[in-house]
Amino acid sequence: HADDVYRTDVLRVGVSGARWLSSLAFGWVTRRSSPRALFDNAPLGSFLTELFEPERVQASLDAGVLQAFAVTALSYSTGRHVTFYQSHRRIHGWQRSQRMAVESAIGVDHLLASASIPFLFPAIPLELEGHHEWFGDGTMRQMSPLSPAIHLGASRILAIGAASRQRAGWFDTVPSGGYPSLAQVGGQALASIFLDGLQADIERLMHINRLLSRMPEMANDTEGWRPVQVMTISPSEPIEAIAAEHLNRLPRTVRAFLSPLGGTEARGAAFASYLLFEPEFTQALLALGERDAAAQGDQIAAFLYGVVPETTPVKKEVTEVSQ
-1 HADDVYRTDV
9 LRVGVSGARW
19 LSSLAFGWVT
29 RRSSPRALFD
39 NAPLGSFLTE
49 LFEPERVQAS
59 LDAGVLQAFA
69 VTALSYSTGR
79 HVTFYQSHRR
89 IHGWQRSQRM
99 AVESAIGVDH
109 LLASASIPFL
119 FPAIPLELEG
129 HHEWFGDGTM
139 RQMSPLSPAI
149 HLGASRILAI
159 GAASRQRAGW
169 FDTVPSGGYP
179 SLAQVGGQAL
189 ASIFLDGLQA
199 DIERLMHINR
209 LLSRMPEMAN
219 DTEGWRPVQV
229 MTISPSEPIE
239 AIAAEHLNRL
249 PRTVRAFLSP
259 LGGTEARGAA
269 FASYLLFEPE
279 FTQALLALGE
289 RDAAAQGDQI
299 AAFLYGVVPE
309 TTPVKKEVTE
319 VSQ
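Quick note on numbering: the numbering used here labels position 190 of the sequence shown as 188, and the sequence is numbered without any gaps.
Hints should not be assumed to be uniformly reliable.
[Claimed, not checked] With beta-carbon atoms standing in for the labels, derived distance ranges:
| id | residue 1 | residue 2 | range |
| --- | --- | --- | --- |
| 1 | Gly62 | Gly287 | 26 to 34 Å |
| 2 | Trp223 | Gly287 | 12 to 20 Å |
| 3 | Phe45 | Pro116 | 17 to 25 Å |
| 4 | Pro123 | Glu288 | 16 to 24 Å |
| 5 | Gly287 | Gly105 | 26 to 34 Å |
| 6 | Arg208 | Ala293 | 24 to 32 Å |
| 7 | Leu284 | Gly105 | 23 to 31 Å |
| 8 | Ala57 | Met204 | 35 to 43 Å |
| 9 | Ser257 | Ala57 | 43 to 51 Å |
What the hints contain is simulated information worked out from the structure, not anything from laboratory work. Beta carbons are placed, not taken as given, at the ideal position from N, Cα and C, and that holds for glycine.
Build the full structure now, drawing on both the sequences and the hints.
So this is what it looks like as structure tokens:
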């Protein structure tokens, strides 16, 4: 339920909306405290505290059952994209242009920061290099989403994306309704942050792979290059289309908040989907994932376990990245 993720009561939503309107209208007059986000996701913190057990993660790492565990977040303070990680074997942190990785005991605050959608949920303070910085969603400025897994030793990556290949076609079926609503603009803006990075990174890796196939002498760990098998899975149906069917499931206060922005219309479903956590919607997503996984079951098994069924052709993309 949405109540497990953010506060939806009339008082909280009303106060938040009033603060934003006041800040936009009179912020130039007064320097009173500015609103931090549209919604208060304190319930998500409580929910994660009940479910997430850091000591079990560490026990799995110590036993070698789990080789590495990482979450990413963007520092609003410096603009750096940071990977926080724990690992079974000793792995030194790395630094690249505007991105870095640090070994850290991952807790609930790291998870909250990694999932703090900009504007919707507040930034989270995390300790980094002896001081605190404010962090938001880890997909922001994540130019190389596959890089952390490769740095942490992955030889095969099963990447599960959220952008359907049918997404553009679905938008063609939705009436434009004239000038785009704020929710429609916001949905496309968030999609550019959350959905486009993975495919772009895979395309870069495939391009480098083609270069390596022509210059095999470059493919060696000594020089920091190595082949990595990558398989990608994307939903067969646009998530926006499923969200559009469940907009009426949003809490009444949230619908009232989104309605003036166009967020309760089909063309604004992409934006509203970031606030949809009702069981009917999440169960529909789970069912879609199960169908898509079943349809590619042989390919997935062959990729993960190296067993290629005689009747099923399997296509693997072998890619690499410089560490």
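**Study point:** Consistency of beta-carbon spacing, Gly287 to Trp223, with hint 12 to 20 Å
**Key:** Since Trp223 and Gly287 have Cβ atoms about 33 Å apart, the given range 12 to 20 Å is violated.
Check your understanding: Taking the CB of Pro123 and the CB of Glu288, does the distance hold inside 16 to 24 Å?
Key -> violated, 38 Å
Review point. Using the C-beta atoms of Gly287 and Gly105, is the stated range 26 to 34 Å upheld?
Key: holds, 28 Å
Exercise for review: Using the beta carbons of Arg208 and Ala293, state whether their distance is inside 24 to 32 Å or not.
Suggested key: holds, 28 Å
Point to revise | C-beta pair Ala57, Met204: status relative to the range 35 to 43 Å that was hinted | key: Between Ala57 and Met204, where Cβ atoms are some 37 Å apart, the hint holds.
Check your understanding: Do the Cβ positions of Ser257 and Ala57 conform to the proposed distance bound of 43 to 51 Å?
Key -> With Cβ atoms ~48 Å apart, the hint holds.
Check your understanding: In this structure, is the beta-carbon distance linking Leu284 and Gly105 contained in 23 to 31 Å?
Key -> holds, 27 Å
Point to revise | Cβ distance range 26 to 34 Å for Gly62 and Gly287, holds or violated | key: Holds, at about 29 Å.
Check your understanding: Is the gap between the beta carbons of Phe45 and Pro116 within 17 to 25 Å?
Key -> Given about 21 Å between the Cβ atoms, the range holds.
The earlier numbered hints that this structure contradicts are 2 and 4.
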